[in-house]
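**Student:** Chain residues, written in single-letter form:
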Amino acid sequence: MRFLILYLLLAGIPAMAWPAEGNADGAIKVGVLHSLSGTMAISEQAVVDATLLALEEINAGGGLLGRRVEPLVRDGASDWGKFAEEAERLVVRDRVAVVFGCWTSASRKTVRSVFEKHGHLLIYPVQYEGLEQSPNIVYTGAAPNQQIIPAVKWGLDHLGNRFYLVGSDYVFPRSANEIIKRQVQSLKGSIVGERYLPLGSGDVDEIVADIARTRPDAILNTINGDSNLAFFRELRRAGITPRVIPTVSFSIGESELANLSARDLAGDYAVWNYFQSLDSPANRRFVAAFRSRYGQGRVVSDPMEAAYFGVQLWAQAVRRTGSADVDVVRNAMPGRMVDAPEGLVYIDPKTRHTWKNVRVGRIRADGQFDVVWSTQKPVRPIPYPIYLPQRAWEGFLDGLKAGWGGQWARPAEARP
Amino acid sequence: MNRRYGIVLELGLLLLFLALVPVGAAVYISNGIFHRSIRQETLARLDSIAARHVETLEVYVGNLITDVNAYSRIPYLAEAFRRIGQAYGAAGPDSAEYRREAARYEDFFQTLLRDKGYYDLLLIDDRGEVIYSVLKERDFGANVRAGELAQTSLPAAIGAANTLMETEVSDFAYYPPSARSAAFLAAPILDGGVIAGNLVLQVDSSALQRAVADLDGLGRSGEILTATWDKGSLKLTGPTRHDAHLHEQPMADARPFAPLVRALTGSEGTGEFADYRGVESVGAWRYLPSLNWSMLVKVDAAEVFASERRFQAISAGIMGGAALVALLGVWLAHRRVSRPIERLAGTVAGMAGSELPQRIELAAHHEVAALVAAFNTLIERVRHHQENLETQVRERTAELRSSNRDLEDANRCLSGANEELEQTLWELRRTQDQLVESEKLADLGQLVAGIAHEINTPLGAIASSACTLEASLAELLPQLPERLAALAPADRAAILALVRAAGDAGSNRSFRDKREAKKTLEQQLAGRGVANGRRVADLLVGLGLTDAGEENCRQVLALPDSESLLELANRASHLVRAAQNIAIATGKATKVVMALKSFARFDRSGSKVPADLRAGLETVLTLYQNQIKHRVDLLVDYQPLPPVPCFPDELGQVWMNLIQNALQAMQFQGRLTVELRREDGWAVVRIGDSGDGIADAIRDKIFAPFFTTKPAGEGSGLGLDIVRKIVDKHAGDIGFSSVAGSGTVFTVRLPIEG
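So the sequence lines, in the order shown, correspond to chains S and X. Numbering-wise, the numbering used here puts 89 at position 89 of the first sequence, and it's gapless, one number per residue. Numbering-wise, the numbering used here puts 705 at position 705 of the second sequence, and it's gapless, one number per residue.
Be a bit skeptical, because a hint or two may be false.
[As the list claims (entries may be wrong)] Derived lysine-lysine pairs resembling DSSO-like cross-links, with alpha carbons at most 30 Å apart:
id, chain 1, residue 1, chain 2, residue 2
1, S, Lys-350, X, Lys-116
2, X, Lys-629, X, Lys-591
3, X, Lys-629, X, Lys-710
4, X, Lys-608, X, Lys-591
5, X, Lys-608, S, Lys-377
6, S, Lys-181, S, Lys-29
7, X, Lys-136, X, Lys-231
8, S, Lys-401, S, Lys-82
9, S, Lys-377, X, Lys-116
[To be verified] If you anchor each label on the Cβ, the simulated ranges turn out as follows:
id, chain 1, residue 1, chain 2, residue 2, range
10, X, Ala-150, S, Val-92, 58 to 68 Å
11, X, Glu-97, S, Lys-350, 38 to 48 Å
12, S, Lys-350, X, Ala-316, 49 to 59 Å
13, S, Arg-213, X, Ala-146, 38 to 48 Å
14, S, Lys-350, X, Ala-146, 35 to 45 Å
15, S, Val-244, X, Arg-114, 54 to 64 Å
16, X, Ala-150, S, Pro-389, 32 to 42 Å
17, S, Asp-327, X, Ala-146, 50 to 60 Å
18, S, Pro-389, X, His-35, 49 to 59 Å
19, S, Asp-327, X, Tyr-76, 38 to 48 Å
20, S, Gly-66, X, Glu-41, 51 to 61 Å
21, X, Arg-114, S, Ala-258, 57 to 67 Å
22, X, Gln-151, S, Ala-392, 38 to 48 Å
23, S, Phe-396, X, Arg-114, 38 to 48 Å
Everything labelled a hint here was simulated from the structure, so no lab data went into it. Backbone N, C-alpha and C define an ideal beta-carbon position, used for all residues, glycine too.
The following block holds chain S by itself, in its conformation from the complex (with noise of 0.2 Å):
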């Protein structure tokens, strides 16, 4: 019996050598990049927690490949040149293995030409003008033809054909007016005015004016950030209620209308894939999950939504490869998907930007949205809309940028 002992002894110590399966390289390193400061930080900070609860969500289901996700959060300053900085602090310093960030298309443009110099990977959560695509960059907020265009053509339908579009004065604005000019061109309707301020601005009362003066029948507002406080202000104040004239926002989510007075806008309608109020498994338990981590009061918006399934299809197409090196990683991106809160969402192998439903809402009294329309299933992204060939778009971008000086906002003056 001592020999049988022995014997088991013996047989357990090539046991004990097993080669183990997995490795553990110590965290993978993720970076976040948003204005955490400035005009956009009442924006971008949710877009931060959202995307902080995806990376918690993944650390807490026992991390990606065996690792942990780190964060790195950092403070683009609402400054495009202080998110390049940055953006590059990130690649090259931190090595991280994939950027979640960019608000402002400005910010967007500024740090594109970092990762494309490094091949590295941006995911990139905001809806947006189109007239880009990027080997570097994941876009899943929508294509213009996600949310511009159906939302003019919805106009169109249902609010009459005679539109003001005003904006803020940098590239997303401009960009998007100039895709709405051709599309409400082609489905006969008209634009009676067309107007910008600067970011930041509380200068209104000519534009509301015009606007009174004008009579249209929808206005398409593109302001974005806390120009739209004052610009609603003076709309009521000169008595354009929704039921005069009524506004479509492009960039006044769930998160803007808790920090603008959601009474005041109350009746208008504004255009996007997700809102909180959908009501799906998928977006019960985002909306839950991010309440419980930040505070019952909390509202979550189309960005944040894009942000937090941004970094569901990058941890997914992490386990996919097996590897969290940024190359591999980004060419696992395209044909990714997830039931995301809005539903089912797909990274489009050729664009790179992301298959969504779009739905158009009607903003209540609470600062949630009755969704008033839908597209029965995800819309193909179509970065280039279909009125002028890619390059002529991309002259257009470049004549806007030269005319700011190389920036994408208008400069100076416009910045506050």
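Starting from the known structure of chain S, arrange chain X on it as the hints suggest.
**Tutor:** Below, chain X alone, put in the same frame as chain S:
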């Protein structure tokens, strides 16, 4: 366990264990690795097949879209649309004008259709009228927003195309005008920047099914399923490999197609599941966004893991073979080793009771054969030894007999010697007794000198008192009776009282006391006016008086011839005192003699008698009083003790010896302590001196016989030896403690009870 099978059974189990455990462990582990690797590889393969097919379909649809985009933007198409539309609007589809316009573009559309494999091409104007169709099925001339067409996917596709401003691909669905499943690609036709209508290309699913029907890399059981939502139910878009009719109806129960449903709700993946036939399958599922389809690429698990099954079967065979080989080994071992050994053991065991056999005959091989041979050699040698042994036994017996005789002789000599020794011993004992007696005599000799002195002293006192008596009587007898007779009776009584008191007071007072008393009396007498005070005071002191005021004294002093009367009284008191002295001396002598007598008494009764230890000690101390009384402080401390059973005489010898030693140790000068105590069940006697103590060097030897510290001839050296023997005889013990320079204490402990 059967004894016969003991070794074989153990060996067999061990061999089986050794044969099966490593193989079993290796099979188990490698099967696990094998299984995982097959599974991972299969999943990866299926996933890549799925990806390939999805890509094929996406590219196919993408090309369609690109085509449609391109066509919709050709100015020629816009022109064709405008002209056909005008003709249609103006004259209707049946008019010659319409036919003329349509014929103008017929070739172009036909070519498109033929080259690209579309089913049909439709032009639809902004009111929804189908103004052109290549095939001219029922849908031609109808409105997509009304009637039959409103129920198809066509109006939705057109609406979406115009809303999203892009080419829209509708879902596949049954299209009644074509009596088949169809999908539509709708694109807005812009004329001067305005949506004028739509170009719609109709495709049937055959082109798609061809792509899906490629089962390359899917083995014998693999297949590709594609499905989509059809009015809320899951519907397969084509026949399956195992069931050609499954796709014809929507699925009432989507559960067997869970992977397809999951892919449609946003979750791609790979894994194992039971398929619609209930067969365990391995598959990969994906979503096709362009078609809003899901795709499942799957293979039966049995086929995938066939090689694993084979491995398991082979492994089982190998393990069975190993077990058989092990059993064969056991059988061989049993046949060639353990059975011969068992037989040998049986033979050897049989030998124990019976005659030694000639040889052991056993069929054996190798070491066992050598063992048998060795046994046979052993038997041979044992036999040889046996024969030798008998001769040797005879020789040895003879030798022993002669030795025995020698021993008897020696024995006799020895018993003679023994008698001599006993005689010697007896003589030695006698000598020893004599020595003990002589020791005692030696002690007595010393004693006697002291005792002689002790008796001499009272004799001297008696002699001198007798002289005093004689002289005093000679003086007193002539005058005393007359003088007393002459006195009044009261005075006579007073004088006699003085005499008696003087006798009682004795003459023990010191000279100094006497002088003090005389001085006092002189003053008192002077105070009283007594003549010749000095002489009277002398006389009074002689009578032992200190106070002239005493009753009898005063009465005598009052007499006329008091001085001569006091003189007489004085002499009379001498008589009394002499008689008293004689009595005292006689008493002392008697005491000494009594002590001697008691010490000398020798009880040979041989049994213990209860005796008072204190009395024994005091007797000895009395004998030594002469040596003690001058320069030795005697401190005695006796606790009351019941009589202790002992040999009193022998104990007396013990005390005498110890006291004698104590006195000698301090040269008869110092302090002698004698204690008698009761400690637990013991009577303890301690005799201590204040001598120099016992030197360390001789502490071990003092109880040894013939050891002495005294000059030669003074002590026999047997004293403490005898003491110890006596104490031992009493079942007691003796010990001492000695501090150099401050004395020695001997402690004797005797049991109080018997």
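**Student:** Hint says 35 to 45 Å; check whether the CB-CB distance for Lys-350(S) and Ala-146(X) agrees.
**Tutor:** holds (37 Å)
**Student:** Pro-389(S) and His-35(X), beta-carbon distance inside 49 to 59 Å?
**Tutor:** Holds: the Cβ-Cβ distance is about 55 Å, inside 49 to 59 Å.
**Student:** For a C-alpha distance cap of 30 Å, please report whether Lys-350(S) and Lys-116(X) respect it.
**Tutor:** Answer holds: Lys-350(S) to Lys-116(X) is near 22 Å, not above 30 Å.
**Student:** Given the hint of 57 to 67 Å, is the C-beta distance from Arg-114(X) to Ala-258(S) inside that range or not?
**Tutor:** holds (59 Å)
**Student:** Between Arg-213(S) and Ala-146(X), does the beta-carbon spacing fit 38 to 48 Å?
**Tutor:** holds (42 Å)
**Student:** Hint check: Lys-608(X) vs Lys-591(X), CA-CA at most 30 Å. Holds or violated?
**Tutor:** Satisfied, since the Cα-Cα distance of roughly 26 Å is no more than 30 Å.
**Student:** Checking one constraint from the list: CA of Lys-608(X) to CA of Lys-377(S), max 30 Å. Satisfied?
**Tutor:** violated (131 Å)
**Student:** For the pair Asp-327(S) and Tyr-76(X), does the Cβ-Cβ distance stay inside 38 to 48 Å?
**Tutor:** For Tyr-76(X) against Asp-327(S), whose Cβ atoms are near 45 Å apart, the range 38 to 48 Å holds.
**Student:** Is Lys-136(X) within 30 Å of Lys-231(X), Cα to Cα?
**Tutor:** Holds, because 28 Å separates the two Cα atoms, which is no more than 30 Å.
**Student:** Given a hint of 54 to 64 Å, does the C-beta separation of Val-244(S) and Arg-114(X) actually sit inside it?
**Tutor:** holds (57 Å)
**Student:** Range first: 58 to 68 Å. Now tell me if the beta carbons of Ala-150(X) and Val-92(S) are that far apart.
**Tutor:** holds (59 Å)
**Student:** Take the C-beta atom of Gln-151(X) and the C-beta atom of Ala-392(S), compute their distance, and say whether it sits inside 38 to 48 Å.
**Tutor:** For Gln-151(X) and Ala-392(S) the Cβ distance comes to about 40 Å; the hint holds.
Hints 5, 6, 20, counting from the list given before, are not met by this structure.
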